Amino acid sequence: MNEDSMMSSGSPIPPPLNGDHVPKPENIVTALLKSPEAVVEVIASGKNALGGGAVLLAAAVVFHALFGLAMGLFGGWPVALMDMVKVPLTAVCALLLCYPALYVFACVGGAPLTFARAFVLGASCLALLGLILVGLAPVAWLFSVSTESVPFLTMLVVFIWAVAASFAVGFIAKLQRHVLFRQATGIKTWFFILALVTLQMATCLRPMLVKPEAGWWTGGKMFFLSHFGSTFDAPEKPKR
Amino acid sequence: MPLPVLLLKDREAFWVRVRNQELCWADLIGLAAFIVLACAIYGAVLAGWRSPLLVSYVAIKLPVLFLGTTILVAGFNWMTASLLGSGLSFKATVFSVFAAMTISGWILISLAPVALFFLLSGVPGSGSHDELRYAHNSILLTHIVILSLAGFGGNMALLKGLRRVVLPRCPAGSLFVLWVVAFAFVGCQMSWILRPFVGSPFYPVAWMRPDCLERNFYEFVFREVLPYLLTGSK
Chain A
2 MNEDSMMSSG SPIPPPLNGD HVPKPENIVT ALLKSPEAVV EVIASGKNAL
52 GGGAVLLAAA VVFHALFGLA MGLFGGWPVA LMDMVKVPLT AVCALLLCYP
102 ALYVFACVGG APLTFARAFV LGASCLALLG LILVGLAPVA WLFSVSTESV
152 PFLTMLVVFI WAVAASFAVG FIAKLQRHVL FRQATGIKTW FFILALVTLQ
202 MATCLRPMLV KPEAGWWTGG KMFFLSHFGS TFDAPEKPKR
Chain B
13 MPLPVLLLKD REAFWVRVRN QELCWADLIG LAAFIVLACA IYGAVLAGWR
63 SPLLVSYVAI KLPVLFLGTT ILVAGFNWMT ASLLGSGLSF KATVFSVFAA
113 MTISGWILIS LAPVALFFLL SGVPGSGSHD ELRYAHNSIL LTHIVILSLA
163 GFGGNMALLK GLRRVVLPRC PAGSLFVLWV VAFAFVGCQM SWILRPFVGS
213 PFYPVAWMRP DCLERNFYEF VFREVLPYLL TGSK
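One line per chain: the protein sequences are A and B, in this order.
Numbering-wise (the numbering used here), the first sequence opens with residue 2 and increments by one.
Numbering-wise (the numbering used here), the second sequence opens with residue 13 and increments by one.
Since the hints were derived computationally from the structure, they do not count as laboratory data.
This structure is a prediction, so every number in the text was calculated from the model and none was measured.
We treat Cβ as the ideally placed atom computed from N, Cα and C, and that holds for glycine.
Incorrect hints may appear among the rest.
Stated by the list, open to error - Below, computed lysine to aspartate or glutamate pairings styled on EDC-like, alpha-carbon distance capped at 20 Å:
no., chain 1, residue 1, chain 2, residue 2
1, B, Lys172, B, Asp22
2, A, Lys175, A, Glu38
3, A, Lys222, B, Asp142
4, A, Lys222, B, Glu143
5, A, Lys48, A, Glu38
6, A, Lys189, A, Glu38
Stated by the list, open to error - Which residues of chain B face chain A? A partial, calculated answer using Cβ under 10 Å:
no., residue
7, Ile119
8, Ser122
9, Leu123
10, Pro125
11, Leu132
12, Ser133
13, Gly134
14, Tyr146
15, Val157
16, Phe164
17, Gly165
Stated by the list, open to error - Residues from chain A that face chain B, not an exhaustive set, calculated with beta carbons under 10 Å:
no., residue
18, Cys94
19, Pro101
20, Ala102
21, Phe106
22, Cys108
23, Val109
24, Cys205
25, Phe224
26, Phe225
Please build the complete structure, drawing on both the sequences and the hints.
Written as structure tokens, this is what we have:
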């Protein structure tokens with residue numbers, strides 16, 4: 002039986018690779034941008050996995066905070082500072098909720114991972130999302146300070162996030178070049194779930210673009226489809 | 013390694029054991045226990061928005077639904093496997109189906125936190141008629157997506173497994189289709205009898221509906237759903 006067919010049915014976790022091309026934790030964010038294959042090696046080999054994963058997660062938090070700042074300036078500095086916490090919180094909480102699913106979906110999909118490898122994979126997806134969000138943060142800032150329309154900015158932010166998500170999916174596709182991840186369908190399906198959970202988490206921590214009436218967020222349960230639909234009922238931001 | 017874990021991390025080894033008839037009936041109990049646990053956990057989340065009483069009901073009913081359906085189609089599965097020349101024993105056919113359900117169980121357990129989060133953050137337990145209907149539909153949609161993913165994952169594992177364990181002359185794809193159709197046909201009726209699962213806000217919480225044995229799922233589809241879809245009115 003060849004190796005591919007072994008992998009397609011959920012084979013045992015391969016032994017660690019020699020790790021010649023594994024970047025150190027301090028260089029892993031640069032590697033994610035310039036040489037994603039090196040990060041794939043970290044995930045596949047398990048070498049520096051926890052250190053690298055922690056750095057990637059920290060980077061993801063910072064990147065999402067910066068994007069939150071740019072986006073939140075739509076509602077003024079108080080909202081921007083609030084979004085510096087809310088946006089990374091949304092991303093990290095969504096990842097935590099979906100972490101068991103990542104582990105199981107990867108195994109079921111034929112790419113068995115250890116918990117540590119799953120952690121690096123999740124953190125690298127989030128860090129890559131954050132990187133693209135930071136890259137597009139100036140665009141978000143430009144529109145956030147030059148428009149009064151809540152629906153427009155909501156659509157713009159969702160569009161920017163979708164662009165970032167497409168790069169993360171591209172990163173998952175790159176995983177397939179490695180023998181461990183020939184079957185990445187499970188991981189791609191997991192990313193779809195992560196996207197839905199992120200949207201619901203953003204709904205849970207609403208509002209993101211305007212100042213809440215009291216406290217940090219609006220209470221009350223709401224489904225994300227209803228929430229994003231309702232943003233079109235408030236065409237202009239409240240006067241400060 | 014316990015069989016449910018083996019199925020998650022090294023399915024090839026599991027199918028080799030099925031093919032070599034190395035599994036005994038006692039091993040099946042381990043798989044059944046895992047399926048019961050997984051279905052009970054997800055069942056509790058499934059009904060979580062309605063009432064604690066329904067939570068306990070569905071935590072019992074969901075394992076009954078899955079295992080009951082499997083038992084009802086076990087004989088048919090073995091006969092079709094024999095007729096198509098698979099070379100599978102009755103025990104091997106049962107293990108194959110339980111393997112698929114174990115994979116589905118893993119997916120359900122892994123997504124239980126996600127379903128619970130949607131339940132806690134997105135579904136109000138009270139409100140106007142329209143709000144409750146929207147809440148019910150939202151949580152129903154969430155569960156349909158999750159259960160579909162679990163079903164798809166389990167079935168794909170079953171298909172790949174069958175291709176490994178049947179004899180070369182047996183059309184594994186046809187056998188798989190027959191098994192899935194039989195399971196779905198019986199499963200729909202079982203779920204109809206055992207309803208409610210999610211729990212409509214407009215009906216009282218009950219172990220089973222009073223009319224559960226008065227008509228079947230397919231009568232409902234052909235007499236009420238299809239005419240509604242075709243004419244736009246009841």
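For each hint, the structure was consulted:
no.	hint	result
1	B:Lys172 <-> B:Asp22	holds (13 Å)
2	A:Lys175 <-> A:Glu38	holds (7 Å)
3	A:Lys222 <-> B:Asp142	holds (15 Å)
4	A:Lys222 <-> B:Glu143	holds (11 Å)
5	A:Lys48 <-> A:Glu38	holds (14 Å)
6	A:Lys189 <-> A:Glu38	holds (17 Å)
7	Ile119	holds (6 Å)
8	Ser122	holds (4 Å)
9	Leu123	holds (6 Å)
10	Pro125	holds (5 Å)
11	Leu132	holds (7 Å)
12	Ser133	holds (4 Å)
13	Gly134	holds (4 Å)
14	Tyr146	holds (7 Å)
15	Val157	holds (8 Å)
16	Phe164	holds (9 Å)
17	Gly165	holds (5 Å)
18	Cys94	holds (9 Å)
19	Pro101	holds (4 Å)
20	Ala102	holds (4 Å)
21	Phe106	holds (7 Å)
22	Cys108	holds (5 Å)
23	Val109	holds (5 Å)
24	Cys205	holds (4 Å)
25	Phe224	holds (4 Å)
26	Phe225	holds (7 Å)
When each numbered hint is compared with the structure, no violation occurs for any of them.
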